[in-house]
Amino acid sequence: MTAPAIERTEASTVGAAPAAAAIGIQDLTVRYGSVVALEGLSLEVARGETVALLGPSGSGKSTALKAVAGFLRPASGRITLAGRDVTYEPPNKRGIGVVVQNYALFPHMRVADNVAFGLKARRVPRAEVTRRVTEALDMVGMASYARRYPRELSGGQQQRVAIARALAIRPPVLLLDEPLSALDATLRADLLGELQRLRADLPDVAIMYVTHDQTEALALADRIAVMRDARLVDLDAADRLYRRPPSEFTASFLGAANLLGARVLAACAAGDDAVEVAVGGLTVAADPTRAFAEGERALLVVRPHSLEVTAVDHPDTLSATLTATQWRGADYRLTCVLDGASGQSGQSGREIRIDVTDLAEVPALGERLGVALPAEPCVLVPAGVAG
Amino acid sequence: MTATLTESPIAAEPVPVPVRASKARGGASRALWVLPPLVLAAGFFLYPLALVVKQSFVDKNEHVGLDVWRDVLNSPSFGDALWNTVEIAVLSTLGCLVVGFFLALVLSFVPFPGARAVGRIVDTVLAFPSFLIALAFTFLYGTAGVVNAAADNLGLGEPLVGFLYSPWCVVLAEITFYTPFVMRPLLAAFALVPRDRLDVAASLGAGPLLVIRRVLLPEAWPALAAGGSLTLLLTLNEFGIVLFIGAKDVTTLPMLVHAKGAVTFDYPGACVVAVVEVALSLTLYAVYRFVFSRTGAGRAGLVA
Amino acid sequence: MLVWSRSGRAFVWALFALVFAPLVLAPLAILGIAAFAGDWNSVLPASWTSENIREATAGTNYDSLVVSIETALGASLIAIVVGTWAAIAARTAPRFVRRLTDAVFHLPVAVPSVVVGLGMLVAFSDGPILLNGTKWIVIAAHAVLVVTFAYSTVSAGLDRTDAAFADVAASLGASAARVLLRVRLPMLLPSITAAASLAIALSMGEVGATIMVYPAEWRTLPVSVFTLTDRGKVLLGSAVTVVLLVATLIVLLLVGLLKGRVEERKRRR
Numbered sequence: 000m001t002a003p004a005i006e007r008t009e010a011s012t013v014g015a016a017p018a019a020a021a022i023g024i025q026d027l028t029v030r031y032g033s034v035v036a037l038e039g040l041s042l043e044v045a046r047g048e049t050v051a052l053l054g055p056s057g058s059g060k061s062t063a064l065k066a067v068a069g070f071l072r073p074a075s076g077r078i079t080l081a082g083r084d085v086t087y088e089p090p091n092k093r094g095i096g097v098v099v100q101n102y103a104l105f106p107h108m109r110v111a112d113n114v115a116f117g118l119k120a121r122r123v124p125r126a127e128v129t130r131r132v133t134e135a136l137d138m139v140g141m142a143s144y145a146r147r148y149p150r151e152l153s154g155g156q157q158q159r160v161a162i163a164r165a166l167a168i169r170p171p172v173l174l175l176d177e178p179l180s181a182l183d184a185t186l187r188a189d190l191l192g193e194l195q196r197l198r199a200d201l202p203d204v205a206i207m208y209v210t211h212d213q214t215e216a217l218a219l220a221d222r223i224a225v226m227r228d229a230r231l232v233d234l235d236a237a238d239r240l241y242r243r244p245p246s247e248f249t250a251s252f253l254g255a256a257n258l259l260g261a262r263v264l265a266a267c268a269a270g271d272d273a274v275e276v277a278v279g280g281l282t283v284a285a286d287p288t289r290a291f292a293e294g295e296r297a298l299l300v301v302r303p304h305s306l307e308v309t310a311v312d313h314p315d316t317l318s319a320t321l322t323a324t325q326w327r328g329a330d331y332r333l334t335c336v337l338d339g340a341s342g343q344s345g346q347s348g349r350e351i352r353i354d355v356t357d358l359a360e361v362p363a364l365g366e367r368l369g370v371a372l373p374a375e376p377c378v379l380v381p382a383g384v385a386g
Numbered sequence: 000m001t002a003t004l005t006e007s008p009i010a011a012e013p014v015p016v017p018v019r020a021s022k023a024r025g026g027a028s029r030a031l032w033v034l035p036p037l038v039l040a041a042g043f044f045l046y047p048l049a050l051v052v053k054q055s056f057v058d059k060n061e062h063v064g065l066d067v068w069r070d071v072l073n074s075p076s077f078g079d080a081l082w083n084t085v086e087i088a089v090l091s092t093l094g095c096l097v098v099g100f101f102l103a104l105v106l107s108f109v110p111f112p113g114a115r116a117v118g119r120i121v122d123t124v125l126a127f128p129s130f131l132i133a134l135a136f137t138f139l140y141g142t143a144g145v146v147n148a149a150a151d152n153l154g155l156g157e158p159l160v161g162f163l164y165s166p167w168c169v170v171l172a173e174i175t176f177y178t179p180f181v182m183r184p185l186l187a188a189f190a191l192v193p194r195d196r197l198d199v200a201a202s203l204g205a206g207p208l209l210v211i212r213r214v215l216l217p218e219a220w221p222a223l224a225a226g227g228s229l230t231l232l233l234t235l236n237e238f239g240i241v242l243f244i245g246a247k248d249v250t251t252l253p254m255l256v257h258a259k260g261a262v263t264f265d266y267p268g269a270c271v272v273a274v275v276e277v278a279l280s281l282t283l284y285a286v287y288r289f290v291f292s293r294t295g296a297g298r299a300g301l302v303a
Numbered sequence: 000m001l002v003w004s005r006s007g008r009a010f011v012w013a014l015f016a017l018v019f020a021p022l023v024l025a026p027l028a029i030l031g032i033a034a035f036a037g038d039w040n041s042v043l044p045a046s047w048t049s050e051n052i053r054e055a056t057a058g059t060n061y062d063s064l065v066v067s068i069e070t071a072l073g074a075s076l077i078a079i080v081v082g083t084w085a086a087i088a089a090r091t092a093p094r095f096v097r098r099l100t101d102a103v104f105h106l107p108v109a110v111p112s113v114v115v116g117l118g119m120l121v122a123f124s125d126g127p128i129l130l131n132g133t134k135w136i137v138i139a140a141h142a143v144l145v146v147t148f149a150y151s152t153v154s155a156g157l158d159r160t161d162a163a164f165a166d167v168a169a170s171l172g173a174s175a176a177r178v179l180l181r182v183r184l185p186m187l188l189p190s191i192t193a194a195a196s197l198a199i200a201l202s203m204g205e206v207g208a209t210i211m212v213y214p215a216e217w218r219t220l221p222v223s224v225f226t227l228t229d230r231g232k233v234l235l236g237s238a239v240t241v242v243l244l245v246a247t248l249i250v251l252l253l254v255g256l257l258k259g260r261v262e263e264r265k266r267r268r
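Residue numbers (numbering that gives the first Met the number 0), protein chains in the order written: chain A, 0 to 386; chain B, 0 to 303; chain C, 0 to 268.
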């Protein structure tokens, strides 16, 4: 699972000596009293790479970030920055830029003084401080707000200042802990675009981005580390993780896939292109993520937008009953219950979600529909325990 | 007793836009309900205070004039007492601010197992009578007290002979007793500081001292000002500690009021000292209220 | 979060212990020791006895204990009723009246207790209301001293409770008296009991005003402690102080129980 990581690291350090990763995490475990908040995490972030830690709350993603920043003392494991062991170094000696969800601006300082804080702590000469404060504020488009106090700014503006403050010290590593979560939807989209631009402006900075929002992870990250229950579940390049999720949890958390219960009809090996599975009454070809035995129960990953609605009893479709429709502007989301099908996992039971962009006529609740699977094979993941 | 007091005022409240006349009438009747407690306060607090002021201008022979004032203000004991009072209060307050800031800082930001219990002990001291500290000090620092005895056992002689009866002992006792008054508002202020802010400050390269100076102190300033001025007010008025330590040379204004009023029954003289003392503490109290309302407003501004 | 290294934290904690132990812990511990000390001429008492505690709860000291409790309860009751009344009434009064009430009820905290006592002596030694020489002058002085705390605690409680509850109750057709009894006062109960506890604790330990005004037959415990220590009976004085603290604690516990009772009855209704 770490193979792509190594590939990537090598690719981004062409020409350089076999450089150590910008952030190296080895077998990191963090405990709060008797509660294990993070267990055995190993992860590397290369220079210029963005890795998103994605997971629900309590998955350990923020804990990992805090340990890298030095805010938490790990129970065991090692943290290195460009090869230097910093596991027990205080945060003020690490030289990392940190941005947190609630901005954490100093309320009694003007914007410029907030941004200058790190530079002054490093005793940078005054003329240099002024120059770099302006530079950092320019990067986030906040230069004209230098004399304001944080309370005079909107949430989005405050977060821009917080980012400028972190960047002013020119850190080789930037840690972003849910930076957009405190903002409303419109601002979040704006700032996400801003972060993408910033990413391009900072080709050498390694970024660790903690979020529970798959959109942010997919938009920003080169690689995504999916976390759950204090552990790393899957780690891979963002697009690969989306297209071929290796586990049930990643499939549902990244892109909210439907998971249809399926039975493997013939054994297959890990590298095989396709395997026949039975879903409902149909036999379809699936794309296996690992070896499966004949007759094994597995789950077919089907994205809501790849399903199509047909007339009921149309050949090669699953029949279902409509239980809810939700118009979402760009499309409709239909929620259906599959007939007679059983063995679907997930809390929704036999429920599937279908996103359709054009509907000639909105079907009535309780109406029976045919649901057509996509033409190309869907990904098959093992049922049961994730990871 | 209180059941009868809200006949109409509250009922009038929810009506959003009452007619002007009825609003005025409502205001008047609402004002009336405050009268009974106000009359009691006037009778048992303001009236006696006014009499104290009046009495200070009437000497024992019923002559009205400034004679008593002249006598008292010119006496050396008054000058000493005034100086002692101010000196002890200022030193104690400074001590409380330093000690209270340090203790609150540790309890809030470098917590240890049992920090909560310590916080509760500090809270308990607030409800104790102040003379208790003075009494304890006589055992600790008296000529035959624990510290002297321990030092003597170690062959150090008795280093604290006479300490108990010096102003420094009063200052130390007042610091012990009044430090919680500074800690309380500080702990409340520190509880409102998001931990993220300290973390981020550290990640930007600031060491603990810089974080305290540039991040925490500005946040603590209103609480320090409020706690400090309250402490100054209470130490100016402190009586129990000075009385119980009973140092002959350490006379303060409240002690002088007691001596003249309850020991020698020189009411006019006691009244003069009392007026000076009240004027002193009321001035300070006005400052305290001003600071307090400012910080209250400041906090509201921060939220908005 | 402030001090990151282990050695740094250990240093800070050591410094904390160094300040906290002699400043706060030692005085409290020493009183407990003194209360049970028989003979004390060295670092620790040479012998232990419960004789002092026995004497502290008997005879004139017992009388003083009763006097202290009666005074504290009486003064606190008066202060709570007057303070709560003033706080609630001031809330709905016009702005000017409210400010005046605020000022008057906050003022006693700024006036030294001895001066409050002196004022009582000057005002009530003759004239229409003669209190000097009776227990009422002590109770009145205590009530004046603690009413500030009752007023400000209840005011703070009113600030916290949402006026909307009373408005909603009134809009549902409840009479003003009913709103007061069934909505406002019950919601203020925590503030009122907190105020009562504080008032009792302060009154039990009051010296300044009491020593100015107390008549011979109404001597509170703190005054007894003073006369004992003044005569050199410091060990007995400590024992009486410990009795005072324990008595205060018991009274406060009873107030807490009473509050629990009231709340339970409220729930059952």
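Check before you lean on any hint, since a few could be wrong.
[Said to hold, decoys possible] Simulated restraints on C-beta separations:
1. C:D158 <-> A:D203: 40 to 46 Å
2. A:A74 <-> B:I120: 27 to 33 Å
3. C:L253 <-> B:P110: 53 to 59 Å
4. A:T322 <-> B:P217: 52 to 58 Å
[Claimed, not checked] If you want the ones that stay clear, here's a sample from chain A, every Cβ over 12 Å from chain B, calculated:
5. D26
6. K65
7. Q100
8. D112
9. A120
10. E127
11. R196
12. R289
13. H313
[Said to hold, decoys possible] Below, in silico cross-link-like pairs of lysine to aspartate or glutamate (DMTMM-like), each with a Cα-Cα straight-line distance of 25 Å or less:
14. C:K232 <-> B:D248
15. B:K53 <-> C:D229
16. C:K134 <-> B:D265
17. B:K247 <-> C:D125
18. C:K232 <-> B:D195
19. A:K119 <-> B:D122
20. B:K59 <-> C:D229
21. C:K258 <-> B:D122
22. A:K119 <-> B:D248
Keep in mind that the hints were calculated from the coordinates and are not lab data.
All C-beta atoms, glycine included, are put in the ideal place defined by N, C-alpha and C.
Open item on the list: Holds or violated: B:K53 and C:D229, Cα atoms, limit 25 Å.
Closed with: violated, 34 Å
TODO: Take the C-alpha atoms of B:K247 and C:D125, compute the straight-line distance between them, and say whether it is at most 25 Å.
DONE: Violated, at about 34 Å.
Open item on the list: Checking a non-interface call: every C-beta of chain B should be farther than 12 Å from the C-beta of A:A120. Is that right?
Closed with: Violated: least Cβ distance 4 Å, not greater than 12 Å.
TODO: Against chain B, does A:R289 hold up as non-interface, every C-beta pair farther apart than 12 Å?
DONE: holds, 41 Å
TODO: Below or equal to 25 Å on CA atoms is what counts here, so check A:K119 against B:D122.
DONE: Violated, at roughly 39 Å.
TODO: Would you check the hint for C:K258 and B:D122, treating anything up to 25 Å between C-alpha atoms as holding?
DONE: holds, 21 Å
Task: Status of A:H313, Cβ more than 12 Å from any chain B Cβ - done: Per Cβ check, A:H313 is outside 12 Å of chain B; nearest 56 Å; holds.
Task: Distance restraint between C:K232 and B:D248, which requires alpha-carbon spacing of 25 Å or less - done: holds, 22 Å
Task: Hint check for B:I120 and A:A74 - Cβ pair distance inside 27 to 33 Å - done: holds, 32 Å
TODO: Test the statement that A:Q100 is away from the interface with chain B: the closest C-beta pair must be farther apart than 12 Å.
DONE: Given that some Cβ of chain B is not farther than 12 Å from that of A:Q100, nearest at about 8 Å, it is violated.
Open item on the list: Just want to verify: A:D112 was marked as not at the interface with chain B; is every Cβ pair farther apart than 12 Å?
Closed with: violated, 9 Å
Task: Agreement of A:K119 and B:D248 with the hint, judged by alpha carbon distance not exceeding 25 Å - done: violated, 52 Å
Hint compliance for this structure: hints 1, 3, 6, 7, 8, 9, 15, 17, 18, 19, 20, 22 are not met, and every other hint is.
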